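Asker: As a plain string of letters, each chain reads:
Number of protein chains: 6
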Amino acid sequence: MAGGLTHFDAKGDAHMVDVSDKPVTSRIATAVGWVKMAQETFDIITEGRAKKGDVIGVARLAGIMGAKKTPDLIPLCHPLPVTKVAVEITPDADLPGLRIEASVKTTGQTGVEMEALTAVSTTALTVYDMAKAVDKRMEIGGIRVILKDGGKSGRFEAP
Amino acid sequence: MAGGLTHFDAKGDAHMVDVSDKPVTSRIATAVGWVKMAQETFDIITEGRAKKGDVIGVARLAGIMGAKKTPDLIPLCHPLPVTKVAVEITPDADLPGLRIEASVKTTGQTGVEMEALTAVSTTALTVYDMAKAVDKRMEIGGIRVILKDGGKSGRFEAP
Amino acid sequence: MAGGLTHFDAKGDAHMVDVSDKPVTSRIATAVGWVKMAQETFDIITEGRAKKGDVIGVARLAGIMGAKKTPDLIPLCHPLPVTKVAVEITPDADLPGLRIEASVKTTGQTGVEMEALTAVSTTALTVYDMAKAVDKRMEIGGIRVILKDGGKSGRFEAP
Amino acid sequence: MAGGLTHFDAKGDAHMVDVSDKPVTSRIATAVGWVKMAQETFDIITEGRAKKGDVIGVARLAGIMGAKKTPDLIPLCHPLPVTKVAVEITPDADLPGLRIEASVKTTGQTGVEMEALTAVSTTALTVYDMAKAVDKRMEIGGIRVILKDGGKSGRFEAP
Amino acid sequence: MAGGLTHFDAKGDAHMVDVSDKPVTSRIATAVGWVKMAQETFDIITEGRAKKGDVIGVARLAGIMGAKKTPDLIPLCHPLPVTKVAVEITPDADLPGLRIEASVKTTGQTGVEMEALTAVSTTALTVYDMAKAVDKRMEIGGIRVILKDGGKSGRFEAP
Amino acid sequence: MAGGLTHFDAKGDAHMVDVSDKPVTSRIATAVGWVKMAQETFDIITEGRAKKGDVIGVARLAGIMGAKKTPDLIPLCHPLPVTKVAVEITPDADLPGLRIEASVKTTGQTGVEMEALTAVSTTALTVYDMAKAVDKRMEIGGIRVILKDGGKSGRFEAP
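Chains A, B, C, D, E and F supply the protein sequences, listed in that same order. Everything in the first sequence is counted per the working numbering, starting at 1 for the first residue and increasing by one. Everything in the second sequence is counted per the working numbering, starting at 1 for the first residue and increasing by one. Everything in the third sequence is counted per the working numbering, starting at 1 for the first residue and increasing by one. Everything in the fourth sequence is counted per the working numbering, starting at 1 for the first residue and increasing by one. Everything in the fifth sequence is counted per the working numbering, starting at 1 for the first residue and increasing by one. Everything in the sixth sequence is counted per the working numbering, starting at 1 for the first residue and increasing by one.
Note that these hints are calculated values from the structure, not bench results. Treat the hints with care, since some could be wrong.
For identical chains, the list gives no copy identity; a pair is met inside one copy or between any two copies.
Below, a list of computed lysine-lysine pairs in the DSSO-like style, where the Cα atoms sit at most 30 Å apart [claimed, not checked]: (1) Lys-11 x Lys-36; (2) Lys-136 x Lys-11; (3) Lys-136 x Lys-22; (4) Lys-152 x Lys-11.
Bear in mind the structure is a predicted one, so any value in this text is a computation, not a measurement.
Go ahead and model the full structure; you've got the sequences and the hints to work with.
Answerer: In structure tokens form, the structure reads like this:
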């Protein structure tokens, strides 16, 4: 381990941490993020919600599927069978843009904050993809973990 | 198309845009982003760079592989054979954190900004994964496209 | 080749057909299929369309993404960059159930009928998944190619 | 939940159902389906079985592998470690065509009927792929669940 | 580039080589390898070939599918649409064991030796998997490229 | 079962072995292999280790990720959540070349020797990929299992 970085062994080589001896517990994590966009883009997307062209529905589904691809994307992440993924997208006129929140649960030996973060990221990227024809200046940010519970390290909450 | 959103047809149903008649041209896109972290985390990672535990090397590789997974992650994204992916990670003591820049090229019928954005996102997520044992409050942000060139819509640059 | 089956060589061993010398042409294929269900299930899904719980939207997206996974699923299928995927789902009160039609295009050396068939299959399976809590007796059928054009073997249409 | 559709929440948004609190039990599901083809195609495939060009062997293997890809294909399906997959293909001269039956087992928190259905679909698609050079009019149908057992909802059998 | 290693830039950072300006040419590569096993294992497998339990057929198919997964497995490998994959397995009583030869073709901007090597490796691993219940001491070796042609570096042949 | 080959049923058809009734136990497996290369290639890679162009770091990471792809690559392999993957690469001046050792752990119903072998293979292939610009005559070999423990069949060790 180098300076507390558990993904490295004594020689400094990256490895997948051994979680064999950790107990199987119920775990949950929640992550958030946002996509900021031009006012006009915001209007198109939020109107589409009600009428035609459901950007939000497609992006939310992409986020759920993205959570399942986490061990494929993050090299040292353990594969684990998620038992719940929910993604919420809330239009925020003040950004203006969309706020994203993803919650993931599992019953396993490691936490699911990476799954929650990957769900948020994939949702945000999909929003960008679907709206990029009208707005190339969108920005993705604010991606962080706000809740993690169920493991040895105890409950973590960030306001 | 709903309000200029090309990913929807006249009925408002999401579809993969028909690019069959677009010319095959050389295309490039560059995206950026950052991971902000505690000063202590920054010190561990940047020292590791020189000595033990190469967070930056692992994250950069994850970003390159992530670019190749773009059509898997983004529902309406066209699969295309990327011809170059480069990811640069630069420590920024003022954040403090890491700045990420990804450039992707292809010779094809659609742009590669989603590939560049996915590379940046995956790199940032991997940094989070590798440092989360010492810092759960890291934040990922500033993800946007700064260059896109080679398609019908012309050159786009954002400062 | 055994009895015209191009996927086998002279010894009868399965292989991926050599298409290196086939010209790159514009290709299109359309496939159809349906999911038959109880009247009550049909009512829930078609009402959901207008109000809450968009089974049709989710299934259509799954079909589009499924088309991109064709070479992963079908062992001897060539990978190729699809340039368009569209899936239409039409409620049919007489079935009762949903009729599915998928069209796929590419500019390449082989046809895309497998991509169109895989899109239809994946769409149908997703409908089943989403409605199985209320109806386990749904049936998927009528999956076939109705149009294929653009290759050496000429235009194929089935009524 | 909209009209009993468990894949939607109170707002009508699609999500992956929370199965965290469901007990881990032994589960099994069996699905069936068929590929109908021209008499001549049937003769080529069934003769190939004995001699050259084993369409049936390739398609059965594709079905087994397809079962493992279920959570990748079906957006809201939970990933779970299957403990058994078996696919049987039986020539039926009366169709004429091939009858497919897939059985899947797991020890987990959700059922495996989607895995069984995906195995049948993938098997059928692979048969189509391998025989399409001689017969474009094949039809895939009769895909349904005939047995599901091991969960809270009890045993389901369809004749 | 560090000492001729094209996968590293001037700073020594790994990247995916830029092949944008390389011409699209016909390319082919052939790789070989073997699985050495106990005499009794060899007898079971080669008899199975004729009668029951076709290890060779399953392994060959796995090799073909493995070639398509090359850019997923090898971090800096370019994705490219292979136009042919053939895998031959020949029992060699003198090893005793199975000799594997894989040929891959593409029309693209980079070579396909990694695809041919991955096909051989996956074939060999599958043989191991299928026979490991009777023989844990099998060894995989002799994996190398014997032919590469079609790129700028000219024809390479190894006896 | 044909001659002890558990992957075949009584008819000789390949299937995924039913492990539903096997106990969940701690399992470990270790596999080894090597890449032999020209002296000059060996010098470039081992010097790069210390300075620029870390072939060994990239290849080790590819091996870890490769282990997670095992059920995707090996047709009849059960998917299972690995709890640890470690890959060690040791330069051996006598080969000359690199020696690879991979250890994988799980808590599950089947062994992980295929995951360990796949990690070794993927590591070796990645070394080949990264050094092929300077040496096309490298050879991959010596891939075998040296330790397997935790299942019904007891401890297996090979010197």
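Asker: For each hint, tell me whether it holds in the structure or not.
Answerer: Each hint tested on the structure:
In this homomeric assembly, Lys-11 and Lys-36 come within 30 Å of each other (Cα to Cα) only across copies, at 24 Å, whereas the closest approach inside a single copy is 42 Å. In this assembly of identical chains, Lys-136 and Lys-11 lie within 30 Å of each other by CA distance solely across copies; the values are 24 Å between and 44 Å within a copy. In this assembly of identical chains, Lys-136 and Lys-22 lie within 30 Å of each other by CA distance solely across copies; the values are 20 Å between and 45 Å within a copy. In the homo-oligomer, the alpha carbons of Lys-152 and Lys-11 lie at most 30 Å apart inside one protomer (26 Å), although the nearest pairing across protomers, at 34 Å, exceeds that limit.
Hint compliance for this structure: no hint is broken.
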